[in-house]
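Chemist: One letter stands for each residue in the lines below.
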Amino acid sequence: MTKRAVTLVEICLALTILLIALIPLTRISSGDAVTVIETEKIQMAERILESIKAEVVAMPFKRFYERIDEEGVAAEDVGPFELSDGFYPIALSEVLEIQKTYKDFAVVGTWSFLLKDGKPDKTMVQTDIACSFSRAGAAPPVVRNKSFLIVKP
Amino acid sequence: MQQRYRRKSGSAYLMALGVLGVLVLVGMAISRMTISGRWSTVFSSHEKHAEECAESAANLTFKIVKDNMNDYSAFWELFSKPDKLLRSWFMYFRLPAPVAGAYIDPVSFENAKANGIDVQLDLFNNVLFKPLYEEGIVYIYDTISVDPEAPLSPLKTMFDARGGRVRVVCTARIKKAFAILADNPDFMVGGVEVPLRKVTGFLGSIYDKIKIGAADVVSGINKDPTGENSGEGGFQIPNVDVIKFLPDTPLIKAPDISGITIIVQGVPVPVGILLQKPVDAIFNKISTEFGLTPQKIAKKIFGDKLQFNIDFKAINERIESAIQNCLPSFLKAFAGNVSFDVTVEKQGFFEVVTEVEYYPSYPDETVIRKKLVMHREFRVADIQPIASDYTFFIANSKLLYEKSIENFDNWQGDDEIKWNDGMGTIIIHNMPSFTSFFEAFKNIFSFDLKDLFRKLQLPGLVRVNGTKEMLIKLTLFDKWPFGSDALEVFKRMEIVALLTPHKSDSGSPKTACSGDHPSDHADDKHNIVPNLKSVRYNFWDKGKPFDWPYFGGGDPGGIGNYWLPIPPRFASTLLFGHLFIEFPFSMRVEGYLKKVYTHISLMLVKIYIPPIPIIGFLGLDIPIPWFWAKAKKEPYGYCMFPPYKSDDEAKAAWNPNDKGNLPANTYSPTQYLKKASYFYPTSRDFNNDIENRVIDYKGKRTFICDGVTFINDSLWLEDDLHVMGRGIIVAACNVHLKGNITKEEFDANGNATVFSVVARNGSIVNHYGNRDIHACLFGDKGLRNPIGATMKVYGNLVLNRFNRKDCQGDLHVYYQSNHCRSSLLSMIRPVAKWDPTRYYVTFSAQTAYFKFEKL
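Chains as they are written, first to last, in the numbering used here: chain A, 1165 to 1317; chain B, 3 to 857.
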């Protein structure tokens, strides 16, 4: 009777408390993992947007004119026009590489001439790019945007 | 033992709670890290949006500046609004700025220039200009109070798409500027760093002076060798009646031989009376067929619209009144300053500072502030063509070399040019089109200021530097004018050079013509109509001599030789254009030049053989046609407007070692390099890049030449080039022409194309073919034109060295005044340097500095 020790009941009770407490912790942890992946995707999206920007800005400005000539666009039409893959071949390969891992990763973009005093000024192009990916469950997809101005040199 | 066991009671709970606590802490830490990472990503996204706004606004500001900095149209429209003009981007870049320190001690400073290192400009020296440089020009845009007229309003769609509120403030200004100086401190740019020599004659009242308020500001050094433009009695502005140069009387008429008798068998036979009729008939036939009067020939060449009266006084008054009204008042203080210590040309850094306030969840006050500083290099380069008021200029000077390596053969300049060596004909058309010339004069009072400055066609000048006498043979016919090309032969006839009298209407001429005069009288007129005199025995009789353009007779100063009416062969140089009536604006050449003509005496010298009655011989005259020709010389040009009073004056006046005699606006290779907007190491690089600088304009592939393009090589123009804009292509060595250069007369805004091609240390070389070159040309080592090739230059031609022998094909230079000058203002020497339109501003395509700075 004088020997006091940890009883089986105590151990069982302690383990039960521990297990109950671990459930939300595990949930937090798995939720964080999703957030980490999302954050990683966001960072990838930002990187991709930056790459596309660098590539489009470095491109000869006359490519915009060539593109509207090819498409037979009316002179007064300022856009938006699709920013097709051809505008950013290097960034595109990066996107394709990412898509091997994240199939939901998508890039779309448009470009348009700006209006100056209500008239098209074809020496300025506004480019808008969006990089998106889906989220778990019914959550709306994440969309990252980038807009920048390109001025004819 | 009991105590020990007691201490251990309940430890399982404690352990479980401890582990739980640790796990909770770890979990929370991980969670917080993830959330903060996520938040920082989201927040950085807003920051990025703010940065995007800043970058776009800065780029748009650069574009606004770029669109306006060369807007010549705006410049003309802003005359009436001096405050707006001063704050316009056009004027902002073209404000004069003192070279820092230069105004303190110009003499020591000049020699203290460090090689290759340019000196900073003192932008804050002028009270009026200081705020412009300090404060810059500010553009503001705010998405919640939209001003559709705001310069940054094109960004509305982009800013709106950000959500929230965006407020942008862009401040644009010149950050730093440097002078564009030559490496060699002794190198000077004529008309920009050193004043030019006074122009010859009455033209001084137009080109050398300007009235600022009540005072005359005069630029120009040394004396006018005619004495007219040196303050001695003021300027004499003629009202030239060209009809006096072009009489409607035949150049050739039948000689009067009616009095000639020949003794045959002791009986005087009136052969003259017998021959006079058939001779008259022949000459009448010639006269009718060819219309051999100067006036008729002129009409055949220049068309029926040829008018004869040029009122230089009216032209002078119109230009003077226009100039007075167009110099912006804040530039008037600089009039007359032609020195290196104040400059408009500059290079430096242009700064745009953009401050953005981005409220992502407006009206929530959370704001992200960003400050972006961007610099780009800019250049303000003088694109005024070299010696823009001259049709033809031979510098003949070693002073045009900046470094000794450029003058590799240690050429000393001051060559005596042999103007009739070689082959081919050089024709300098000082008026490109008589019709347009007279049309322009007719409209001189109806043109508004802008049109006057853009369209007025003025005749060009002709300059040949040198201290040695140079002779140019006048041309009559290089072959007889029969056949289908008779008109071409007549065009080259320079008999008009001998038609004007040596005496002006107003009495004795201001300047004596110091030549070999037919009768040793300075006011004598050349007789150009051939006549025949019959004398007996006297081969030394003066006869009834006449003067023709060079038609044999050896060299001036010689005894002459027997004259045969066969057109002599020599290479013609026609400095007064076709028929010698496309004269320079000053009515004279500037140079120690003399025209060579032939003084011809046609005599019938009769040798009488006395009678020998014993054989029934009663005496006989043996007529010997004694045609003697002697070459003579007198100052080049019209006798009424000689270019100098005496040979001594001429030797001193156009000395090529005088900096005032350098062709205006000739910059050193280093200066061209420094102010170049485009640099190409080789000609191949330039040719490869042409396609990138070409646009479609009015159905033509048009090369846009803006600012200075420097090719560190010889330039090979392999194909035709159609150009538009205001700029210069400078080749370090030769310019090889294998195609034509054509130009778009005016751009879409009505600005005339002003385009130059400079072979800075080489020659202009035409490659086997006829060429039309619409450009102002400079060739340091001259011009090479092969046999059989006809080269037509529409602009002007300036050469340093000139070997006439290298010009073997025909060369025409058609002066096009409005394509050789940026505006009329740039022709008026006291203010030429300050004409804002002669400078072209360019930005570098690269950003020199890009940094988001802390606020």
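It should be emphasised that the hints constitute simulated quantities derived from the structure, not laboratory data. Treat the hints with care, as some may be off.
Stated by the list, open to error - Derived pair list, reagent style DSS-like, types lysine-lysine, alpha-carbon separation capped at 27 angstroms: (1) LYS1283(A) / LYS132(B); (2) LYS457(B) / LYS1226(A); (3) LYS1267(A) / LYS50(B); (4) LYS1316(A) / LYS700(B); (5) LYS50(B) / LYS86(B); (6) LYS1283(A) / LYS481(B); (7) LYS1280(A) / LYS68(B); (8) LYS635(B) / LYS544(B); (9) LYS481(B) / LYS635(B); (10) LYS50(B) / LYS1316(A).
Stated by the list, open to error - Some chain A residues flagged as far from chain B (calculated, every beta-carbon gap over 10 angstroms): (11) ILE1206; (12) ARG1231; (13) GLU1234; (14) ALA1238; (15) PRO1253; (16) ILE1254; (17) GLU1258; (18) GLN1263; (19) ALA1303.
From a predicted model like this one, the values you see are computed outputs, not experimental measurements. For each residue, glycine too, the CB sits at the ideal point set by N, CA and C.
Chemist: With reference to the structure, classify each hint as holding or not holding.
Modeler: How the hints compare with the structure:
no.	hint	verdict
1	LYS1283(A) / LYS132(B)	36 angstroms, violated
2	LYS457(B) / LYS1226(A)	34 angstroms, violated
3	LYS1267(A) / LYS50(B)	26 angstroms, holds
4	LYS1316(A) / LYS700(B)	21 angstroms, holds
5	LYS50(B) / LYS86(B)	37 angstroms, violated
6	LYS1283(A) / LYS481(B)	64 angstroms, violated
7	LYS1280(A) / LYS68(B)	15 angstroms, holds
8	LYS635(B) / LYS544(B)	18 angstroms, holds
9	LYS481(B) / LYS635(B)	22 angstroms, holds
10	LYS50(B) / LYS1316(A)	23 angstroms, holds
11	ILE1206	5 angstroms, violated
12	ARG1231	16 angstroms, holds
13	GLU1234	16 angstroms, holds
14	ALA1238	18 angstroms, holds
15	PRO1253	20 angstroms, holds
16	ILE1254	21 angstroms, holds
17	GLU1258	18 angstroms, holds
18	GLN1263	21 angstroms, holds
19	ALA1303	14 angstroms, holds
Checked against the numbered hints listed earlier, the structure breaks hints 1, 2, 5, 6, 11; every other hint is satisfied.
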